[in-house]
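Asker: Use the sequences and the hints to build the structure in full.
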Amino acid sequence: MKQTLRTGLLALSLGISGAAAHADITVYTAGPAGLAKALAADFTKESGIKVNLFQATTGKVMARLKAEQANPQADIVISASWATATSFADQGLLLPYTSPNAATVPDFLKSESYVAEGVAALAIAWNPKSGTNKPTDWADLAKPEYKSLVTMPDPAQSGSAFELVAGLDAAGHDDLFPALAANGMLVAGANKAALTPVLQGAKAAVFGAVDYIAMGAKAKGESIDVAFPTSGTVVAPRPMMILKSTKHADDAKKFIDFVLSDKGQKEVAKVYLMPARTDVEALRPTITELKLLPQSGDAYAKRGEILDNFSKSFGH
Amino acid sequence: MAGERTGSPLLSGMTAVALVVVVALPFTFIMLQAIFPEIGAGSFARPFSHLGAVLKSEDFGIETRNTLFLGTGVVLASSVIAVPLAGLRALYRLPGALLWDVVFLVPFMIPPYIATLGWILTLQPAGYLQQLTGVNLAEFLFSFPGIVFVMAMHSFPVVYFAASRSFATIGARFADVSRVFGAGPGRAFWRITLPLATPALAASLLLVFAMSIEEYGTPAVLGARFGFDVLVTGIDGSLSDWPIDLPKAALLSLALIVLSLLAFALQRRIATARDFDVVGGKSPRAPARSLGVWQAPVLALFGLVAFVSTGLPLLAILATALSRTISGGLALDNIGLLHFEAILSDTTGAMQAMANSFSLGLIAALVAGVFGIAVAYVTTRGPGRGQRVIDALAMLPNAAPGVVVALGLILLWNQPSLPITPYNTMWILVLAYVCILLPQPVRYTVAAFQQINPSLEAAARISGASPMRTALRIWVPLIAPSVLAAMLLVFTVAARELVASLLVAPVGTDTIGTYIWRQFDQGSVGDGMAMAFLAIIATTLIPLGLLGSLRRFERKA
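So the sequence lines, in the order shown, correspond to chains A and B.
Heads up: the first sequence is residues 1 to 316, going by the UniProt record's numbering.
Heads up: the second sequence is residues 1 to 557, going by the UniProt record's numbering.
These aren't lab readings, by the way, just hints derived from the structure by calculation.
Computed from a predicted structure; not experimentally measured.
Hints should not be assumed to be uniformly reliable.
To be verified - Cut-off 27 Å, straight-line C-alpha distance, at most; resulting in silico cross-link-like pairs (BS3-like, lysine-lysine): (1) B:56 / A:312; (2) A:66 / B:56; (3) A:110 / A:66.
Answerer: Here is the structure:
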């Protein structure tokens, strides 16, 4: 403790002399922090380039980027929402780069200026000790058996939950949400906030859980199962991008290469995400094994309308 | 307060400059952001383009109303709990008085977002209470009274400490006079002691109001469950939900600031309406009375409040930290130390986060303490001109949620034209904590100054003491206990601050708050709770040592 206290004070005294390491690359990343730290450590070991990490939710990462616009600090951004990457690309904020390691990344997971780190899917997370039957499809959760026992991340807060609502709307399941609302489904908070009540048993299932988080909890011994709905679901790829304002473009490119390398992709797989590369083995069902809802191309143009309809179903 | 003005213009000037750098500039950038949506990119394009839409929106009205309700509710609930306890503590011989003080410090050491999570894990269906007794209080918890209750359980100590200190200073002497004239003990308290404690009470209630309307964690977690939105959750939404809307966040913050300033004006009016000097010379502290037959019921009351405010949340935190899995519940085979091992083995940087937070808290407390004395001295003793501005500036941060202060600090200190900047160093966190917490030492010290009759200083000066000597021998000893108490508060709150830290922490730096938050975000609620438990123990033990020296100091004075 004494030692670490001394390091803390040392860090403070160093800080004022402006010794913040600017020669290294700075990565702003959405969770999970464990993955970001592992990737950064391995990258430094391999290349000698130090990585400064800022890890928060996608929302907080975006807020910091926006506030820092006058003097951008980040070189690389890893987000949990694909839409942030398309929007940044439209605003011309990104440095075009295609990594040689991206050859086996499917086309819909890359563009000229961003590429997926890994992919999550949305699913039903269900507690086997809840005394309910394992749900197999979205509509099951509107049944009386699950009355007031279902939570859902708020699509206004969670980018992936929004994708799910947009996907289900586009697939013609628009009667689903009024039925779920009538069945007492609780819509609150971001992804993690929806899962904790299910673990303790206050609720039985999460509608639209981010699957890798639930799989990680299961691996730690929690009583939780993941069900991929039979009528199909959506995936949430996690884009990586290099900001055009970077002063360390070459080092930043090396980092992207590393995340897409065999070693980097194995780290991604370890936290139960699907690796972006199809030739790296996943520890979970992959895109080819999952049934997907049809793509809703213009979802983001209609974001306001979709969210309005959604909240109307819940009487807000 | 109309007394002699003896302060030097130099001190006023220095205080004003420091306040401008620490408080006014970041807030100016927030205002600029509210007016010029593109300011983050360094452009003044499209001014006022946001204003109309935000002010007209239905949410804005509802959020403002809810914020007012919440602040008022928590103020009322806190005073109902704290004032009777403070009166009993200050005016009667309470067995274990010091122990109760320490116990009532603990709710303040528990980060509000952690306490709220503890309450949820305890009261929700299948929560700890239901596992133990078969009943759950989810309906109460997820309601307006539930939010007010949880927040009052956290904030009543602010009122308790301010009120009991003030009651003790007033002592029983004044009430005794009324007793001589035939008033009963209750009447004497209501008509004499309570009114004389008005400045301290009003100051602490204002703090509670400001804390409640800028609190994020509790309304965000509990309020979301029944659609109760306040301005702070609205601000956080515009900062987190895609697309990010900085101008809207800044506008909502301005609304919050206006609310706080109104409350501040009200408090100032109450505190300065009359003369509340009670320290007019060295008077022996009257011995406290005996409680007599009421000793057992009074102790039971203290015990109950202590258990609900301190014991229950701590037990919930400990239970979760000791559970192998959340879904395993309260079962013998589910008990394990793995979460504590994960923290103590320091594989994830937990110890470094703790060291960071404690160093930062210490520095912030020192800076804020000195700052607080300067501002309080200038506003109560300094030259009249500008003192109201200085007072308002020192109060301003109380009005804004941490996330807004953080935003202002980034906009200000990340300007590319600055030759040297604390941004992306640990000092930005010191700036953030001092800015957010400055009102605490200021409020406490101002209240202490208002109870010192200026004739004490005049007497010292007439007797030939230099201003420095007057300060050192007269008012420093008299205000020291209040300042130290406020610095303790700054230390504990800064050591666990979350919302601003999350946004401005230099890359790669964790504090206690951000570390715990990351643990919750990843799925290891147990690791987060283990860290929270250790941090609460540490933040309680460090001030305890200081509190001991405070007592010694008080006795000497």
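Asker: Each hint: holds or not?
Answerer: Against the structure, the hints come out as follows:
{"no.": "1", "hint": "B:56 / A:312", "verdict": "20 Å, holds"}
{"no.": "2", "hint": "A:66 / B:56", "verdict": "25 Å, holds"}
{"no.": "3", "hint": "A:110 / A:66", "verdict": "24 Å, holds"}
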